[in-house]
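Trainee: Sequence:
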Amino acid sequence: MKISLVIPCYNEEESLPQLICEIDEVVAGHQLDAEVILIDDGSTDRTAEMIAEKAAEGGIYRAIIFRRNHGQTAAMQAGIDHATGEVIVPLDADLQNPPSEIPKLLAKLDEGFDVVSGWRKDRQDKMLTRKIPSQIANWLVGKIGGVPLHDYGCSLKAYRREVIEDVRLYGEMHRFIPIYAKWQGAKVTEIPVLHRAREFGETKYGLNRTFKVILDLFIVKFLGDFGQKPIYMFGGFGMMMCALGVLAGVETLVEKFFFGTYVHANPVILLAIFLFLIGIQSILMGILADLQMRTFYESQGKRTYLLRAALGFKDD
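Residue numbers for the sequence shown, in the numbering used here: 1 to 316.
No lab work stands behind these hints, which were simulated from the structure alone. All clues stand as given, with none of them false.
Result set (BS3-like, lysine-lysine): computed pairs, CA atoms no more than 27 Å apart in a straight line:
1) Lys108 / Lys121
2) Lys108 / Lys2
3) Lys131 / Lys143
4) Lys221 / Lys302
5) Lys108 / Lys182
6) Lys212 / Lys229
7) Lys2 / Lys104
8) Lys143 / Lys108
9) Lys182 / Lys121
10) Lys212 / Lys182
11) Lys221 / Lys182
12) Lys2 / Lys187
13) Lys182 / Lys104
Can you build the whole structure from these sequences, using the hints too?
Mentor: Written out as C-alpha coordinates, the structure is:
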(Lines of atoms letter the chains of each structure in order from A and count residues from 1; the text may use other names and numbers.)
(Lines give C-alpha, C1' and ligand atoms only; values in the text may rest on other atoms or scores of the structure.)
Protein backbone atom coordinates (compact mmCIF):
# COMPACT_ATOMS: atom_id res chain seq x y z
CA MET A 1 0.00 0.00 0.00
CA LYS A 2 1.09 3.53 -0.69
CA ILE A 3 1.22 5.63 2.48
CA SER A 4 0.61 9.38 2.66
CA LEU A 5 2.00 11.07 5.76
CA VAL A 6 0.14 14.33 6.40
CA ILE A 7 2.07 16.66 8.71
CA PRO A 8 0.74 20.13 9.63
CA CYS A 9 3.57 22.46 10.68
CA TYR A 10 3.39 25.74 12.56
CA ASN A 11 6.67 27.32 13.73
CA GLU A 12 8.50 24.00 13.80
CA GLU A 13 11.88 25.02 12.35
CA GLU A 14 13.72 23.48 15.32
CA SER A 15 12.04 20.09 15.12
CA LEU A 16 11.87 19.70 11.33
CA PRO A 17 15.44 18.44 10.72
CA GLN A 18 15.06 15.66 13.29
CA LEU A 19 11.54 14.87 12.09
CA ILE A 20 12.70 14.44 8.50
CA CYS A 21 15.61 12.29 9.65
CA GLU A 22 13.32 9.98 11.65
CA ILE A 23 10.83 9.72 8.79
CA ASP A 24 13.61 8.78 6.37
CA GLU A 25 14.78 6.05 8.75
CA VAL A 26 11.29 4.56 9.06
CA VAL A 27 10.55 4.69 5.33
CA ALA A 28 13.90 3.12 4.42
CA GLY A 29 13.96 0.63 7.29
CA HIS A 30 10.48 -0.74 6.53
CA GLN A 31 10.64 -0.20 2.76
CA LEU A 32 7.44 1.84 2.77
CA ASP A 33 5.95 3.17 -0.45
CA ALA A 34 5.34 6.60 1.01
CA GLU A 35 4.88 10.27 0.30
CA VAL A 36 5.30 12.95 2.96
CA ILE A 37 3.09 16.04 2.73
CA LEU A 38 4.33 18.92 4.88
CA ILE A 39 1.81 21.74 5.34
CA ASP A 40 3.00 25.12 6.56
CA ASP A 41 0.14 26.75 8.46
CA GLY A 42 1.26 30.36 8.17
CA SER A 43 4.43 30.00 10.26
CA THR A 44 6.35 33.10 11.30
CA ASP A 45 9.74 31.38 11.41
CA ARG A 46 11.65 29.51 8.67
CA THR A 47 9.29 26.54 8.54
CA ALA A 48 7.80 27.43 5.13
CA GLU A 49 11.24 27.99 3.62
CA MET A 50 12.56 24.71 5.00
CA ILE A 51 9.72 22.54 3.73
CA ALA A 52 9.81 24.28 0.34
CA GLU A 53 13.53 23.47 0.07
CA LYS A 54 12.87 19.86 1.03
CA ALA A 55 10.12 19.49 -1.57
CA ALA A 56 12.38 21.03 -4.22
CA GLU A 57 14.85 18.19 -3.70
CA GLY A 58 12.29 15.78 -5.14
CA GLY A 59 11.88 12.32 -3.71
CA ILE A 60 9.02 11.58 -1.33
CA TYR A 61 8.51 15.07 0.13
CA ARG A 62 5.76 17.49 -0.88
CA ALA A 63 5.04 20.98 0.44
CA ILE A 64 1.82 22.95 0.90
CA ILE A 65 2.23 26.52 2.09
CA PHE A 66 -0.70 28.57 3.39
CA ARG A 67 -0.90 32.33 2.92
CA ARG A 68 -1.81 32.72 6.60
CA ASN A 69 -2.57 30.65 9.67
CA HIS A 70 -5.78 28.65 9.26
CA GLY A 71 -5.42 26.12 12.07
CA GLN A 72 -4.52 22.47 12.36
CA THR A 73 -7.82 21.17 11.00
CA ALA A 74 -7.55 23.20 7.78
CA ALA A 75 -3.92 22.10 7.36
CA MET A 76 -4.89 18.47 7.79
CA GLN A 77 -7.75 18.84 5.30
CA ALA A 78 -5.34 20.33 2.75
CA GLY A 79 -2.98 17.40 3.22
CA ILE A 80 -5.80 14.88 2.80
CA ASP A 81 -7.00 16.68 -0.33
CA HIS A 82 -3.55 16.41 -1.93
CA ALA A 83 -2.72 12.88 -0.70
CA THR A 84 -2.51 10.07 -3.25
CA GLY A 85 -1.89 7.13 -0.91
CA GLU A 86 -4.26 4.27 -0.09
CA VAL A 87 -3.56 4.90 3.59
CA ILE A 88 -3.40 8.36 5.15
CA VAL A 89 -1.40 8.85 8.35
CA PRO A 90 -1.59 12.27 10.06
CA LEU A 91 1.34 13.16 12.30
CA ASP A 92 2.26 16.17 14.41
CA ALA A 93 5.56 17.88 13.60
CA ASP A 94 6.58 18.39 17.23
CA LEU A 95 8.14 14.87 17.54
CA GLN A 96 6.08 13.97 20.62
CA ASN A 97 4.69 11.04 18.63
CA PRO A 98 7.74 9.54 16.88
CA PRO A 99 7.43 8.36 13.27
CA SER A 100 8.82 4.99 14.39
CA GLU A 101 5.31 4.14 15.64
CA ILE A 102 3.81 4.28 12.14
CA PRO A 103 4.58 0.61 11.23
CA LYS A 104 2.58 -0.48 14.31
CA LEU A 105 -0.49 1.32 12.96
CA LEU A 106 -0.03 -0.17 9.49
CA ALA A 107 0.30 -3.67 10.94
CA LYS A 108 -3.00 -3.20 12.76
CA LEU A 109 -4.66 -2.08 9.52
CA ASP A 110 -3.54 -5.36 7.98
CA GLU A 111 -5.71 -7.18 10.54
CA GLY A 112 -8.80 -5.85 8.77
CA PHE A 113 -9.38 -2.49 10.41
CA ASP A 114 -10.10 0.71 8.51
CA VAL A 115 -9.03 3.18 11.20
CA VAL A 116 -6.29 2.70 13.77
CA SER A 117 -6.07 5.44 16.37
CA GLY A 118 -2.99 6.10 18.48
CA TRP A 119 -3.44 6.14 22.26
CA ARG A 120 -0.86 8.12 24.26
CA LYS A 121 -1.20 5.75 27.19
CA ASP A 122 1.89 7.10 28.95
CA ARG A 123 1.41 10.74 28.03
CA GLN A 124 4.31 13.09 28.75
CA ASP A 125 2.37 16.32 29.32
CA LYS A 126 1.35 18.48 32.26
CA MET A 127 -1.36 16.92 34.40
CA LEU A 128 -3.51 19.98 35.17
CA THR A 129 -3.49 21.84 31.86
CA ARG A 130 -3.25 18.94 29.39
CA LYS A 131 -4.01 15.49 30.79
CA ILE A 132 -7.12 16.16 32.91
CA PRO A 133 -8.93 18.38 30.35
CA SER A 134 -8.05 15.84 27.67
CA GLN A 135 -9.45 12.94 29.69
CA ILE A 136 -12.71 14.80 30.28
CA ALA A 137 -13.00 15.73 26.60
CA ASN A 138 -12.21 12.18 25.44
CA TRP A 139 -14.87 10.76 27.76
CA LEU A 140 -17.47 13.20 26.45
CA VAL A 141 -16.57 12.60 22.81
CA GLY A 142 -16.69 8.83 23.29
CA LYS A 143 -20.08 8.93 25.00
CA ILE A 144 -21.73 11.37 22.61
CA GLY A 145 -20.00 10.26 19.41
CA GLY A 146 -20.50 6.56 20.03
CA VAL A 147 -16.86 5.59 19.35
CA PRO A 148 -15.21 4.95 22.75
CA LEU A 149 -11.54 5.83 22.20
CA HIS A 150 -9.14 6.77 24.99
CA ASP A 151 -7.37 9.50 23.03
CA TYR A 152 -9.12 11.49 20.33
CA GLY A 153 -6.49 14.22 20.60
CA CYS A 154 -3.63 12.04 19.38
CA SER A 155 -2.95 13.07 15.79
CA LEU A 156 -1.10 9.85 15.02
CA LYS A 157 -3.71 7.68 13.31
CA ALA A 158 -3.99 5.57 10.18
CA TYR A 159 -6.98 5.72 7.84
CA ARG A 160 -7.86 3.79 4.74
CA ARG A 161 -8.50 6.41 2.12
CA GLU A 162 -12.01 5.30 1.21
CA VAL A 163 -13.41 6.02 4.68
CA ILE A 164 -12.27 9.65 4.86
CA GLU A 165 -11.95 10.91 1.28
CA ASP A 166 -15.46 12.43 1.38
CA VAL A 167 -15.09 13.93 4.86
CA ARG A 168 -14.90 17.73 5.05
CA LEU A 169 -13.34 19.19 8.18
CA TYR A 170 -14.10 22.52 9.83
CA GLY A 171 -13.24 24.22 13.13
CA GLU A 172 -11.30 21.78 15.33
CA MET A 173 -13.00 18.71 13.91
CA HIS A 174 -9.92 16.79 12.80
CA ARG A 175 -10.01 14.93 16.11
CA PHE A 176 -13.49 13.60 15.25
CA ILE A 177 -12.41 11.84 12.05
CA PRO A 178 -12.81 8.37 13.65
CA ILE A 179 -16.48 9.24 14.27
CA TYR A 180 -16.95 10.37 10.67
CA ALA A 181 -15.25 7.18 9.50
CA LYS A 182 -17.53 5.09 11.71
CA TRP A 183 -20.50 6.70 9.94
CA GLN A 184 -18.97 5.40 6.70
CA GLY A 185 -19.08 1.87 8.09
CA ALA A 186 -15.39 1.75 9.06
CA LYS A 187 -13.97 -0.69 11.59
CA VAL A 188 -12.20 1.43 14.22
CA THR A 189 -9.66 0.38 16.84
CA GLU A 190 -6.82 1.91 18.84
CA ILE A 191 -3.38 0.87 20.03
CA PRO A 192 -0.96 2.43 22.55
CA VAL A 193 1.78 4.51 20.96
CA LEU A 194 4.92 6.07 22.36
CA HIS A 195 4.66 9.67 23.51
CA ARG A 196 7.68 11.84 24.22
CA ALA A 197 8.09 15.07 26.13
CA ARG A 198 8.33 18.17 23.96
CA GLU A 199 11.93 19.07 23.12
CA PHE A 200 11.48 22.03 20.80
CA GLY A 201 9.29 25.11 20.80
CA GLU A 202 6.13 25.65 22.81
CA THR A 203 2.79 23.91 22.74
CA LYS A 204 0.11 25.52 20.58
CA TYR A 205 -2.68 24.06 22.69
CA GLY A 206 -4.32 25.44 25.82
CA LEU A 207 -7.38 25.02 28.00
CA ASN A 208 -9.44 27.04 25.51
CA ARG A 209 -9.14 24.20 23.00
CA THR A 210 -11.13 21.94 25.36
CA PHE A 211 -14.09 24.32 25.13
CA LYS A 212 -13.78 24.46 21.34
CA VAL A 213 -13.86 20.68 21.22
CA ILE A 214 -17.05 20.59 23.30
CA LEU A 215 -18.73 23.12 21.00
CA ASP A 216 -17.67 21.18 17.90
CA LEU A 217 -19.03 18.06 19.54
CA PHE A 218 -22.54 19.53 19.43
CA ILE A 219 -22.16 19.87 15.65
CA VAL A 220 -20.92 16.31 15.33
CA LYS A 221 -23.84 15.01 17.39
CA PHE A 222 -26.31 16.97 15.29
CA LEU A 223 -24.79 15.75 12.01
CA GLY A 224 -24.74 12.16 13.21
CA ASP A 225 -28.31 12.02 14.52
CA PHE A 226 -30.14 14.60 12.42
CA GLY A 227 -27.93 15.40 9.42
CA GLN A 228 -30.48 13.88 6.99
CA LYS A 229 -33.61 14.73 9.01
CA PRO A 230 -33.13 18.08 10.80
CA ILE A 231 -36.92 18.56 11.01
CA TYR A 232 -36.99 15.77 13.62
CA MET A 233 -34.84 17.79 16.03
CA PHE A 234 -36.24 21.26 15.36
CA GLY A 235 -39.77 19.96 14.93
CA GLY A 236 -39.61 17.81 18.05
CA PHE A 237 -38.38 20.72 20.12
CA GLY A 238 -41.01 23.00 18.56
CA MET A 239 -43.86 20.61 19.29
CA MET A 240 -42.70 20.30 22.89
CA MET A 241 -42.64 24.10 23.26
CA CYS A 242 -46.11 24.38 21.70
CA ALA A 243 -47.43 21.72 24.07
CA LEU A 244 -45.99 23.55 27.07
CA GLY A 245 -47.54 26.77 25.78
CA VAL A 246 -50.94 25.11 25.50
CA LEU A 247 -50.60 23.72 29.03
CA ALA A 248 -49.73 27.18 30.33
CA GLY A 249 -52.76 28.58 28.50
CA VAL A 250 -55.01 25.92 30.03
CA GLU A 251 -53.64 26.84 33.45
CA THR A 252 -54.69 30.47 32.95
CA LEU A 253 -58.20 29.33 32.04
CA VAL A 254 -58.37 27.12 35.14
CA GLU A 255 -57.40 30.08 37.32
CA LYS A 256 -59.94 32.25 35.50
CA PHE A 257 -62.96 29.97 35.96
CA PHE A 258 -62.15 28.39 39.32
CA PHE A 259 -60.31 31.15 41.17
CA GLY A 260 -61.52 34.29 39.42
CA THR A 261 -58.06 35.42 38.29
CA TYR A 262 -58.34 37.61 35.21
CA VAL A 263 -56.30 36.39 32.27
CA HIS A 264 -54.73 39.79 31.63
CA ALA A 265 -53.58 39.89 35.26
CA ASN A 266 -52.05 36.40 35.16
CA PRO A 267 -48.35 36.41 34.10
CA VAL A 268 -48.62 32.75 33.04
CA ILE A 269 -50.45 33.85 29.89
CA LEU A 270 -47.27 35.63 28.75
CA LEU A 271 -45.34 32.39 29.28
CA ALA A 272 -47.96 30.51 27.25
CA ILE A 273 -47.67 32.93 24.32
CA PHE A 274 -43.87 32.97 24.52
CA LEU A 275 -43.55 29.16 24.53
CA PHE A 276 -46.05 28.72 21.70
CA LEU A 277 -44.29 31.27 19.48
CA ILE A 278 -40.90 29.62 20.14
CA GLY A 279 -42.43 26.29 19.17
CA ILE A 280 -43.83 27.62 15.87
CA GLN A 281 -40.49 29.29 15.04
CA SER A 282 -38.59 26.10 15.77
CA ILE A 283 -40.85 24.05 13.49
CA LEU A 284 -40.40 26.61 10.69
CA MET A 285 -36.60 26.48 11.20
CA GLY A 286 -36.79 22.70 10.90
CA ILE A 287 -38.65 22.99 7.59
CA LEU A 288 -36.01 25.37 6.24
CA ALA A 289 -33.19 23.10 7.47
CA ASP A 290 -34.86 20.11 5.80
CA LEU A 291 -35.11 22.00 2.52
CA GLN A 292 -31.41 22.93 2.76
CA MET A 293 -30.51 19.31 3.43
CA ARG A 294 -32.44 18.16 0.36
CA THR A 295 -30.79 20.86 -1.76
CA PHE A 296 -27.36 19.78 -0.50
CA TYR A 297 -27.86 16.15 -1.52
CA GLU A 298 -29.79 16.67 -4.75
CA SER A 299 -27.71 19.53 -6.17
CA GLN A 300 -24.50 17.52 -5.79
CA GLY A 301 -25.92 14.14 -6.72
CA LYS A 302 -25.06 12.74 -3.29
CA ARG A 303 -26.71 9.57 -2.04
CA THR A 304 -28.43 9.37 1.34
CA TYR A 305 -27.08 5.86 1.85
CA LEU A 306 -23.69 4.14 1.82
CA LEU A 307 -22.93 1.07 -0.28
CA ARG A 308 -20.35 -1.52 0.63
CA ALA A 309 -21.07 -3.53 -2.53
CA ALA A 310 -23.74 -4.19 -5.16
CA LEU A 311 -23.57 -7.77 -6.40
CA GLY A 312 -25.29 -9.71 -9.16
CA PHE A 313 -26.27 -6.71 -11.29
CA LYS A 314 -25.68 -6.58 -15.02
CA ASP A 315 -22.79 -4.29 -15.85
CA ASP A 316 -23.90 -1.63 -18.36
